[in-house]
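A.B. asks: Sequence:
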Amino acid sequence: MDNRFNKLLLYLEKQKISTKNLVAIKSDASFRKYYRLENNILAMDAAPEKGESVSKFSEIARILHSFNLSAPKIIDVNNKEGFILLEDFGDKVFSKHMNKENKKNLYKKAIDVLIDIKIKSHQNKSYLSKLKTYNFEELYRESILFIEWFIEKKLGMQISNKKRDEFYQILQQAFLNIKSQNDTLVLRDYHVDNLILKDHKEPLKQVGLIDFQDALLGSSFYDLASLLEDVRMPLNENEKEELIKYYIKLTNENYDMVLREINFFSLQRNLKILGIFSRLSIRDGKERYLKYFPATYNFIKSNLKSSLFFDMKKWIEELQIKELQL
Numbered sequence: 063m064d065n066r067f068n069k070l071l072l073y074l075e076k077q078k079i080s081t082k083n084l085v086a087i088k089s090d091a092s093f094r095k096y097y098r099l100e101n102n103i104l105a106m107d108a109a110p111e112k113g114e115s116v117s118k119f120s121e122i123a124r125i126l127h128s129f130n131l132s133a134p135k136i137i138d139v140n141n142k143e144g145f146i147l148l149e150d151f152g153d154k155v156f157s158k159h160m161n162k163e164n165k166k167n168l169y170k171k172a173i174d175v176l177i178d179i180k181i182k183s184h185q186n187k188s189y190l191s192k193l194k195t196y197n198f199e200e201l202y203r204e205s206i207l208f209i210e211w212f213i214e215k216k217l218g219m220q221i222s223n224k225k226r227d228e229f230y231q232i233l234q235q236a237f238l239n240i241k242s243q244n245d246t247l248v249l250r251d252y253h254v255d256n257l258i259l260k261d262h263k264e265p266l267k268q269v270g271l272i273d274f275q276d277a278l279l280g281s282s283f284y285d286l287a288s289l290l291e292d293v294r295m296p297l298n299e300n301e302k303e304e305l306i307k308y309y310i311k312l313t314n315e316n317y318d319m320v321l322r323e324i325n326f327f328s329l330q331r332n333l334k335i336l337g338i339f340s341r342l343s344i345r346d347g348k349e350r351y352l353k354y355f356p357a358t359y360n361f362i363k364s365n366l367k368s369s370l371f372f373d374m375k376k377w378i379e380e381l382q383i384k385e386l387q388l
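To convert, count from 1 in the sequence shown and add 62; that's the numbering used here.
It cannot be assumed that every hint is accurate.
[As the list claims (entries may be wrong)] The calculated SDA-like cross-link candidates involving lysine to any residue, where the alpha carbons are at most 25 Å apart (straight line), are: (1) Lys363 with Lys194; (2) Lys334 with Asp251; (3) Lys194 with Phe93.
[To be verified] Taking CB as the label site, the calculated pair distances span: (4) Ser369 with Lys154: 38 to 44 Å; (5) Leu71 with Lys353: 33 to 39 Å; (6) Ser157 with Lys135: 21 to 27 Å; (7) Leu388 with Asp255: 34 to 40 Å; (8) Lys348 with Ser157: 15 to 21 Å; (9) Leu71 with Asn223: 29 to 35 Å; (10) Lys311 with Glu149: 18 to 24 Å; (11) Ser157 with Asn102: 18 to 24 Å; (12) Lys112 with Glu349: 31 to 37 Å; (13) Asp178 with Glu349: 36 to 42 Å; (14) Asn102 with Asn316: 39 to 45 Å; (15) Gly218 with Glu304: 37 to 43 Å.
I should point out that these hints are in silico values taken from the structure, not numbers from a laboratory. Being a predicted model, the structure only gives us computed values, none of them experimental. Where is the CB? At the ideal position from N, CA and C, for every residue including glycine.
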């Protein structure tokens, strides 16, 4: 029994929470661990020494509650030790609950929530004033993982400082070209594995939101790209096109502008994902994420066809990476 788990048991004992039926829940790519307890309670173990923060989770939960959306209720927070007790939304995760009959409807529910977040973000700017902005420097800090962990560590190639500088300039120019507005709460990991179907009379509250502790203030299209181009559950082109049109019908946004934003944020996100999944495999021994590489390659190649990425396409082609050749 490790030291963190012992600390958790002591914390639960002080909170007078029974551990009789405690069950560990399979965690995703982060260092956070989750435990299901009695009475619809979850315990989150987010070790501060590993860079995790329960205070950020509770802060974003408060914002989502103020937006009248379904984030877990916070029962107790121990910032010092990195533990939090929260409402358990249950097991109806979109990705597992999805079938042919309800798939389209579930995705539309998820899009409805994103549109509502955009509207509420614009109406309640003061709520978001303390959030870090998802500016280009933050995007680049993530994107460089593609070079450091996928190209250099996984493929064993060396990238010169000149090539790194070119990568920075090309990505920055593409970002400037889309003229993105950093004015919306961005949850960052908005995909069907992080959405839970809830019983509620209000349609928007039927979408339970989790895993939002890394939220920032950024473009409303980042989460849309994350939802529609998800390596764990790729949509076919017809499905994606129908959902984009659904979004546009409700928002009256310009079609070409929406596509360019999705192109940019999907490419940036999937370059980052190649880096993160390579790091998980090499550093942490988590090989299971390698199975998502083919879908990630496909999203990158598809988005590189956009005129927005003519220079990035050339930069990647010069590396002669077989999996990323168009």
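A.B. asks: Indicate, hint by hint, whether the structure satisfies it.
C.D. replies: Hints and how they fare:
no.: 1; hint: Lys363 with Lys194; result: violated, 30 Å
no.: 2; hint: Lys334 with Asp251; result: holds, 13 Å
no.: 3; hint: Lys194 with Phe93; result: holds, 22 Å
no.: 4; hint: Ser369 with Lys154: 38 to 44 Å; result: holds, 41 Å
no.: 5; hint: Leu71 with Lys353: 33 to 39 Å; result: holds, 34 Å
no.: 6; hint: Ser157 with Lys135: 21 to 27 Å; result: holds, 23 Å
no.: 7; hint: Leu388 with Asp255: 34 to 40 Å; result: violated, 29 Å
no.: 8; hint: Lys348 with Ser157: 15 to 21 Å; result: holds, 19 Å
no.: 9; hint: Leu71 with Asn223: 29 to 35 Å; result: violated, 50 Å
no.: 10; hint: Lys311 with Glu149: 18 to 24 Å; result: violated, 33 Å
no.: 11; hint: Ser157 with Asn102: 18 to 24 Å; result: holds, 21 Å
no.: 12; hint: Lys112 with Glu349: 31 to 37 Å; result: violated, 20 Å
no.: 13; hint: Asp178 with Glu349: 36 to 42 Å; result: holds, 38 Å
no.: 14; hint: Asn102 with Asn316: 39 to 45 Å; result: holds, 43 Å
no.: 15; hint: Gly218 with Glu304: 37 to 43 Å; result: holds, 41 Å
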